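Q: Each chain, letter by letter, is given below.
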Amino acid sequence: MVTEGDVQNAVVELLRKTVVRLPKDVEAAIRKAYAEEKDEVPKMQLKAIVDNIDMAAKSITPMCQDTGVTIFYATLPRDCKVDVAKGITEGVRRATREVPLRPNAVHPITRKNPGDNVGEKHPYINWKLHDKDYIEITVMTKGAGSENMSQLAMLTPTQGLKGIKEFVLNVVLKAGSNPCPPTILGVGIGGSSDIAMKLAKEALLRPIDQPHRDPEIAKLEKELLEAINMLGIGPMGLGGKTTSLGLNIEYAYCHTASLPVGVNIQCWAGRHGTVRIAPDGKATMVVPEGG
Amino acid sequence: MEKTIRTPLSEADARALKLGETVYIDGIVYTGRDEVHLHALDYLEKGKKVPVDFNGAALFHCGPIMKKVGDKWQAVAAGPTTSSRMNSLEPKFIEKFRPAAIIGKGGMSQPTVDAMKKFGCVYLAITGGAAVLAAKGIKSVEGVEWFELGMPEAIWILNTQHFGPLTVAIDANGGSLYTQVNAKIKENEPKARAKLGLA
Chain P
1 MVTEGDVQNA
11 VVELLRKTVV
21 RLPKDVEAAI
31 RKAYAEEKDE
41 VPKMQLKAIV
51 DNIDMAAKSI
61 TPMCQDTGVT
71 IFYATLPRDC
81 KVDVAKGITE
91 GVRRATREVP
101 LRPNAVHPIT
111 RKNPGDNVGE
121 KHPYINWKLH
131 DKDYIEITVM
141 TKGAGSENMS
151 QLAMLTPTQG
161 LKGIKEFVLN
171 VVLKAGSNPC
181 PPTILGVGIG
191 GSSDIAMKLA
201 KEALLRPIDQ
211 PHRDPEIAKL
221 EKELLEAINM
231 LGIGPMGLGG
241 KTTSLGLNIE
251 YAYCHTASLP
261 VGVNIQCWAG
271 RHGTVRIAPD
281 GKATMVVPEG
291 G
Chain S
292 MEKTIRTPLS
302 EADARALKLG
312 ETVYIDGIVY
322 TGRDEVHLHA
332 LDYLEKGKKV
342 PVDFNGAALF
352 HCGPIMKKVG
362 DKWQAVAAGP
372 TTSSRMNSLE
382 PKFIEKFRPA
392 AIIGKGGMSQ
402 PTVDAMKKFG
412 CVYLAITGGA
422 AVLAAKGIKS
432 VEGVEWFELG
442 MPEAIWILNT
452 QHFGPLTVAI
462 DANGGSLYTQ
472 VNAKIKENEP
482 KARAKLGLA
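Each protein sequence line maps, in turn, to chains P and S.
According to this note's numbering, the first sequence holds residues 1 to 291 in order.
According to this note's numbering, the second sequence holds residues 292 to 490 in order.
Simulated from the structure, these hints should not be mistaken for lab results.
Owing to the predicted nature of the structure, the values given are computational and were not obtained by experimental measurement.
Note that CB positions come from ideal geometry on N, CA and C, so glycine has one too.
Just so you know, not all the hints are guaranteed correct.
Derived lysine to aspartate or glutamate pairs resembling DMTMM-like cross-links, with alpha carbons at most 20 Å apart [to be verified]:
id : chain 1 : residue 1 : chain 2 : residue 2
1  : P       : K282      : P       : E90
2  : P       : K222      : S       : E302
3  : S       : K363      : P       : E98
4  : S       : K409      : S       : E480
5  : P       : K241      : S       : E478
6  : P       : K81       : P       : D131
7  : P       : K174      : S       : E480
The following residues of chain P were derived to be distant from chain S, with all beta-carbon distances above 12 Å [claimed, not checked]:
id : residue
8  : D6
9  : A153
10 : S192
11 : K198
12 : A252
Chain P on its own, in the form it takes in the complex (with noise of 0.2 Å):
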């Protein structure tokens, strides 16, 4: 039977490999954009960028120094009696002293630092149950650069479709230089103000390979991506071809008088994992690929 301690030790290992590792999707899309730059300020970038993923995983070093707050996705069978809770929140306490992470949570309003990145509502945990004999967690270590780019628009419907891409497109240009391009954009549409962002960041969880499973939503998924990467801002700011790697979209039905649309910023290091524990309690990564 799983035991708390099983989950613990699933999680920290979680938390290791997804802040030293890219996923395979994001690190083919690193390189190629890379392979085609040819500016010299931003192929310079994208060197630093490359050369620095192999020294991270080359010497198991978290890749970047902001290790991000923990956002968590956990499906549990449906007679779980394990605590995943507890296991989760003391895996991210101890993953906080032996991988290190930087301990980066605070209190939002005395920004008091407990330094185990443990408090309040924190880590943050999104549940769902199956039909399946297996826990699987799924971290997202989410940096603040390209989260504070983040935005929330509450559209009317007459603005539609045009008013979605004008609002994508907005947000890709005020952000500019700061959530470290080339980045990876999560857009959520539809729902309400609170389902379109969370939608906006569960697209970040999707391959940026796979598109969308509505060949309408992939089409405009292609389109956005390619009319950012006609801008310019180009690797950290400093111009290029690359200004996002990837734009994935997640939509859910929404009210009639409504058009929630949210997008989430990724940046270039866009660092997500997934493990499964079987009823054994063995844990196999899923998310790095390759163990």
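Starting from the structure of chain P, add chain S where the hints point.
A: Same frame as chain P, now just chain S:
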């Protein structure tokens, strides 16, 4: 073309750096971000002495991951943070504390560019997220001040060697690569809008 500069820098050293040039730093670099700016300016107002001398120094917008090995701190990962968060305080900080170089990512606002021109300070861009590469240029951690602000917000005193590569992205004569890129973005924007069928 690349060259090495040694801290502390004179005003003439800073003014001699050319826009777009690649440089590496040898010598002491101080980290300082949001809270260090707030604190230092607050100390100044209260007539209290800040614990380090920023005159001619390189100020690094960075909140590193540090690890204590024995009684010594070691830099694990130390890339830049978003410099624009310091926009509102930086012109005053430059005027009062006179650093000669600011290291960060993403560039800074026009009032900061103006202050850099007036007081002889450059902005050196280091690649965001490339924190292992940056840490490689940190030979040792000489100390820490204002540790009570938390690991990311403290002043870390870094002894660097071949720290970089850094791009002179804002020079001490009013030039800025970001201004140049922004002009190009303005030029490109109508094409991107047309692609999306926007007026």
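Q: Return the numbers of the hints above that this structure violates; sort them in rising order.
A: 2, 4
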